[in-house]
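Peer 1: All chains should be built: construct the whole structure from the sequences, respecting the hints.
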Amino acid sequence: MGRHAEKNGRDWRLGALAILVALAAWQFIAAVIIRYPFILPAPTDVASAFFSLVGKGDIFVDLGTSLVHFAIGLGLALLVGIPMGIIMGWNRRIEAVVDPLIELLRPIPPLAWIPFAIIWFGLTTFSAGFIIFIGAVFPIIINTYSGFRGVPRVFVEAGKMLGCTKDRDLVRYIALPAALPSVAAGIRIATGVGWMCLVAAELFGVSNYGLGQKLWFYYSLHQMDSVVVYMILLGLIGLAFDMVFRHYVDKKFLKWRTGEVA
Amino acid sequence: MGDLVIKDLNQSFAREDGSRLVVLENLNLDVKDKEFVCILGSSGCGKTTLLRMIAGLDTSESGSIALDGREIKGPNPKIGMVFQEYSLFPWRTVIDNIAFGLEMQGVPREKRYTVAEQYLNLVNLSQFRDSFPSELSGGMRQRVAVARALALDPVLLLMDEPFGALDAQTRNKLQHELLEIWEKTKKTVVFITHSVDEAVFLADRIVVMTPRPGRICRIFEITLPRPRDRTSTEFAGLRRDVLDLINQHCSIQ
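In order, the protein sequence lines correspond to chains A and B.
Numbering-wise (the working numbering), the first sequence opens with residue 2 and increments by one.
Numbering-wise (the working numbering), the second sequence opens with residue 252 and increments by one.
If you're looking for bench data, these hints aren't it; they were derived computationally from the structure.
Hints may be right or wrong, so weigh each one.
[What the hints assert, rightly or not] Distance condition first, Cα-Cα at most 25 Å in a straight line; then the derived SDA-like pairs of lysine to any residue:
| hint | chain 1 | residue 1 | chain 2 | residue 2 |
| --- | --- | --- | --- | --- |
| 1 | A | 252 | B | 388 |
| 2 | B | 424 | B | 273 |
| 3 | A | 256 | B | 381 |
| 4 | A | 256 | B | 435 |
| 5 | B | 324 | B | 343 |
| 6 | B | 329 | B | 344 |
| 7 | A | 256 | B | 343 |
| 8 | A | 256 | A | 150 |
| 9 | A | 167 | B | 327 |
Peer 2: Quick look at the structure:
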């Protein structure tokens with residue numbers, strides 16, 4: 002851990018410098034070389050667009066709307082993916098039935114489901130959530146399932162010798178905690194994939210708000226500085242999810258792994 | 252009580268070519284209450300298979316295993332087990348590992364910690380109460396595993412080469428500790444090993460098994476009083492006698 006923190010400290014300063022240099026280069030290229038904000042808005046254009054958007058207040062409604070879409074998608078993915086992964090990992094026969102179906106559905110890009118999302122659920126909030134769900138559910142299933150597959154037999158047998166003999170108890174007290182690192186990795190991947198699906202999920206007009214929706218809206222108005230504001234916002238929130246998740250989950254639930262990984 | 256009676260036990264597994272591999276053949280063994288029995292044999296002689304059936308983790312093809320007159324049909328809180336590989340739950344602290352069995356029995360939190368702490372003291376690891384297994388050495392992990400198995404106060408303690416993965420010094424130290432614990436708690440112990448030295452040091456009786464098919468070859472009574480001194484001439488003589496007899500009668504074809 003100590004070595005890691007030290008490394009992060011060094012990276013942090015170098016990283017900040019890199020960002021500043023990139024911003025300066027961007028400013029130079031946009032303002033001095035290209036001088037056409039429609040092709041490439043300068044950071045200063047983006048900053049002023051950001052403040053005017055904040056001033057209007059819509060940006061917060063957009064953020065809230067997108068978070069609702071995302072929460073529906075990810076929430077459903079957790080609700081479906083974790084139990085499904087558990088059942089598949091615990092029961093070989095169910096795995097044999099379900100696994101081929103999942104392997105067939107999984108490679109279909111989430112965005113290819115958009116037509117059916119519209120037909121089934123219409124232009125609704127749930128429709129956007131459904132696309133995010135499709136993106137997020139497979140990593141959760143696969144990781145939960147492989148986590149349960151990989152539970153060492155000796156843990157299960159030790160549990161049985163100590164009076165934990167019912168299937169339900171074995172899942173709850175042995176298999177689930179043993180598989181948790183893998184489940185957590187799946188949720189983290191799902192968060193990333195789900196967030197990437199967000200722009201497309203909002204693109205087909207499920208609402209008048211949303212980060213993805215506004216990105217397209219400002220594009221149609223040719224206000225590229227505002228488009229960049231939404232791009233950066235999407236990126237930063239995705240990053241924040243990942244950091245919060247990593248920090249919180251590792252500290253709270255996976256503390257026991259600290260000495261183990263090495 | 253902790254009387255173990257094994258009668259006409261048979262076990263075989265199907266080979267890939269369809270023939271059967273006989274792992275245990277007509278095995279009979281009685282272990283008296285509070286006795287310390289070592290089962291000694293080379294790998295593949297069926298000793299782990301035998302232990303797993305006593306534990307109730309595997310079922311036999313025919314024959315019976317009974318503890319205090321009741322047939323063993325599955326894992327049973329009267330039987331504790333210490334595994335060869337590290338079996339502590341890495342996501343639980345030391346105290347929560349020891350308290351696991353009591354938790355499964357629905358013992359209230361306060362009560363189970365009180366009991367678990369007693370067993371933690373017994374294996375001299377009180378200062379590691381809230382550590383995770385990953386923070387412990389191999390020897391400490393096996394001591395916690397012993398405490399965890401004892402916490403349910405079983406009458407029979409099964410140990411499957413529990414010190415096999417440890418270095419010689421740690422191993423000797425843990426053998427001493429195990430005997431002290433056994434003196435204090437007075438369980439029936441069935442201990443699996445492939446080390447003659449370990450068996451002579453620990454056991455009241457040594458049961459020597461030979462492979463293909465797994466059967467009992469010889470049983471030695473070790474009457475040498477404890478604590479036994481490894482460096483003494485009696486100990487060395489006894490160890491030699493056991494080795495000689497094994498070489499004469501129980502050699503592996």
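Peer 1: Confirm or reject each hint.
Peer 2: Hint by hint, here is what the structure shows:
1. A/252 with B/388: holds (23 Å)
2. B/424 with B/273: violated (37 Å)
3. A/256 with B/381: holds (12 Å)
4. A/256 with B/435: violated (35 Å)
5. B/324 with B/343: violated (29 Å)
6. B/329 with B/344: Between residue 329 of chain B and residue 344 of chain B the Cα gap is close to 24 Å, so the pair holds against 25 Å.
7. A/256 with B/343: holds (10 Å)
8. A/256 with A/150: Status holds; Cα separation ~22 Å.
9. A/167 with B/327: holds (13 Å)
Against the hints set out earlier in the document, violations occur for numbers 2, 4 and 5.
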